[in-house]
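Protein chains in written order, with the numbering used here: chain P, 1 to 341; chain Y, 1 to 341.
One or more of the hints may lead you astray.
[Unchecked claim] Part of the chain P face toward chain Y, derived, beta carbon under 8 Å:
(1) Pro11
(2) Asp14
(3) Thr15
(4) Asn29
(5) Ser30
(6) Gly33
(7) Ser136
(8) Thr155
(9) Thr165
(10) Val168
(11) Glu169
These are calculated hints, taken from the structure and not from any lab test. No residue lacks a Cβ here, since even glycine has one placed at the ideal position from N, Cα and C.
2 protein chains.
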Amino acid sequence: MTTTPTRGLTPVLDTGRTMLGPALRDAVNSHLGPEMSRIAHYHFGWADAEGRPTGTWGGKMLRPTLALLSARAAGATDAEGLPAALAVELVHNFSLLHDDIMDADETRRGRATAWTVFGVPSAILAGDAMVTAATSVLLAAPAAGATSATVSLMTATQRMIDGQTSDVEFERRDDVTLGECLRMAGDKTGALLGCACALGAELVGAERSLIEGLDAFGAHIGLAFQLADDLLGIWGDPDRSGKQVGADLRVRKKSLPVVAALNSPGADELRALYLGPEPMTERTVQRVTELVERAGGRDWAQDEAARQIAAAEQRITATGTPDDVLGELLEVAGFIVGRQL
Amino acid sequence: MTTTPTRGLTPVLDTGRTMLGPALRDAVNSHLGPEMSRIAHYHFGWADAEGRPTGTWGGKMLRPTLALLSARAAGATDAEGLPAALAVELVHNFSLLHDDIMDADETRRGRATAWTVFGVPSAILAGDAMVTAATSVLLAAPAAGATSATVSLMTATQRMIDGQTSDVEFERRDDVTLGECLRMAGDKTGALLGCACALGAELVGAERSLIEGLDAFGAHIGLAFQLADDLLGIWGDPDRSGKQVGADLRVRKKSLPVVAALNSPGADELRALYLGPEPMTERTVQRVTELVERAGGRDWAQDEAARQIAAAEQRITATGTPDDVLGELLEVAGFIVGRQL
Chain P
1 MTTTPTRGLT PVLDTGRTML GPALRDAVNS HLGPEMSRIA HYHFGWADAE GRPTGTWGGK
61 MLRPTLALLS ARAAGATDAE GLPAALAVEL VHNFSLLHDD IMDADETRRG RATAWTVFGV
121 PSAILAGDAM VTAATSVLLA APAAGATSAT VSLMTATQRM IDGQTSDVEF ERRDDVTLGE
181 CLRMAGDKTG ALLGCACALG AELVGAERSL IEGLDAFGAH IGLAFQLADD LLGIWGDPDR
241 SGKQVGADLR VRKKSLPVVA ALNSPGADEL RALYLGPEPM TERTVQRVTE LVERAGGRDW
301 AQDEAARQIA AAEQRITATG TPDDVLGELL EVAGFIVGRQ L
Chain Y
1 MTTTPTRGLT PVLDTGRTML GPALRDAVNS HLGPEMSRIA HYHFGWADAE GRPTGTWGGK
61 MLRPTLALLS ARAAGATDAE GLPAALAVEL VHNFSLLHDD IMDADETRRG RATAWTVFGV
121 PSAILAGDAM VTAATSVLLA APAAGATSAT VSLMTATQRM IDGQTSDVEF ERRDDVTLGE
181 CLRMAGDKTG ALLGCACALG AELVGAERSL IEGLDAFGAH IGLAFQLADD LLGIWGDPDR
241 SGKQVGADLR VRKKSLPVVA ALNSPGADEL RALYLGPEPM TERTVQRVTE LVERAGGRDW
301 AQDEAARQIA AAEQRITATG TPDDVLGELL EVAGFIVGRQ L
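With the rest of the complex left out, here is chain P (with noise of 0.2 Å):
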């Protein structure tokens, strides 16, 4: 996951947010050692390097606000699903931490990255730490399906591991396949988002048939969400603060739209100019830009987006989920991909 679209947030994420920061903030503190608890309050925005509190909640938390609507999908309370949210958002942060160091990112949420202002190594040390953490408030849960659900989070964590490494191997590689990236992006993006939707549902012990249709809503809208970002990584939004036009096309980002059209007939120019070891200057990207739509690596990323958006519904609808809750699932789902649902 990268950017989102930043914009108000909805009135289901809003109230999420308000219950969820403080329950986040109480499980940081109570897992994580001092040094660590620092270096984690600084990354959520809670406080600033020097640690003084910013008075605000930082993220949006749509995976664990997720999770607790799938607990209340399974007839749950949030209460019984806050152990499920807060294990999924340690996890999606722990990524966030080494991802920014892994990308050399300097900014994150308009703020300086945590290994800028921490170092390297505690940055590595505060992602280790969560991840750790996430399993241990899993398992603390007084819930029928903790251990189930733990071994969901830590194979959708291994998904999403994965899928970060194809990411890497794909840098260096001028073969990737449209099918190989799809694989990628599910496992760098769905996977975890599949299991925010669904873990909820499988800590308070749901039945097997929604924890699947939960999941696989989720990682529908992962794959949505990861086409309306890679599109942005191009094409950009003059409505959103997130990517710049042509920022993926100047670091070469092998992303979707890309590799769909690299892979097209007749991309021979597309090819040389995009694999090349040419400079990429402002002109190329322009160039490279029409080549991507000739190829019809827009509209294919476009008409993928809104299959994936069409499989989510689809699933979603199918668990008999009660019409309030699925009503919301649909209000954040919405929010993630840009649309409404």
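Use these hints to put chain Y onto chain P, whose structure you have.
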């Protein structure tokens, strides 16, 4: 954990390694993706950088052998204790992969470290994949104590991370007390070794008193090991191929004998040389070595190691562990601390 004295393995370690090597490889292959597996095979010493088998089983498998013995101390078989053994070795190697990056160490066990071969991003991810797999392996065990053992392993992992954090933090501080330094060593080295000595027993559902006795035994052995390792880092040992004389002093490491000496009365010259801004010449290293010894740092560390070993023996004897298993636990512990127990 840094270096361990290299010399011939004891009989129980030799047997342990032959059994554990293939089982660990199977766990790696089934829980890690192909790319992460490749790095793990290299890191464990099973393959070279191109993936060609080396024909050896790599490390000494100290911790997993202890975990198997702890299952036997609880009356269970090696097969029943195996998931605990694999999980603890995965956590240990997760920490090695990340430590080598943090310390910028270029060699381990006489080979290039993983990050120098595969790059920092891949080595971070490989560590992440191992700690995630550790939880999965343990929770998949068909055993009464799988959940409880996983909670204990995560608690020990969190303490190991805290210890590592303190170690990094101490480098920047001139006022580290001996108490802080002992606590750091207990977290960094003692926690996981204590866990290794108890995890097999916990996994098979042993009584709490046995688990606690085994854990305390391992924690004391861990501290004795750290003290022995710190002594080697200053005075070396011609019989061992591990650390070089003065290695820790050259990098101004706040090891236990040094901190003991720094906090002794009349350590003004030592403090000025060790905490001051002047370059650490070979002549200064020699003078610091003398001053640490004169201030009682060497004697204190030797006495403290003996006290920790005595405490370990007292705790393990009190558990009522059968003589044959007791003998093997003491054999491995003796190997770790570099003397016969």
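Checked hints:
1. Pro11: 35 Å, violated
2. Asp14: Constraint on aspartate 14 of chain P not satisfied, violated at 32 Å.
3. Thr15: 31 Å, violated
4. Asn29: Not OK, violated: asparagine 29 of chain P not within 8 Å of chain Y, min 13 Å.
5. Ser30: 11 Å, violated
6. Gly33: 4 Å, holds
7. Ser136: 5 Å, holds
8. Thr155: Hint on threonine 155 of chain P: holds, closest Cβ of chain Y at ~7 Å, below 8 Å.
9. Thr165: 5 Å, holds
10. Val168: 5 Å, holds
11. Glu169: Since chain Y brings a Cβ to about 6 Å from glutamate 169 of chain P, closer than 8 Å, the hint holds.
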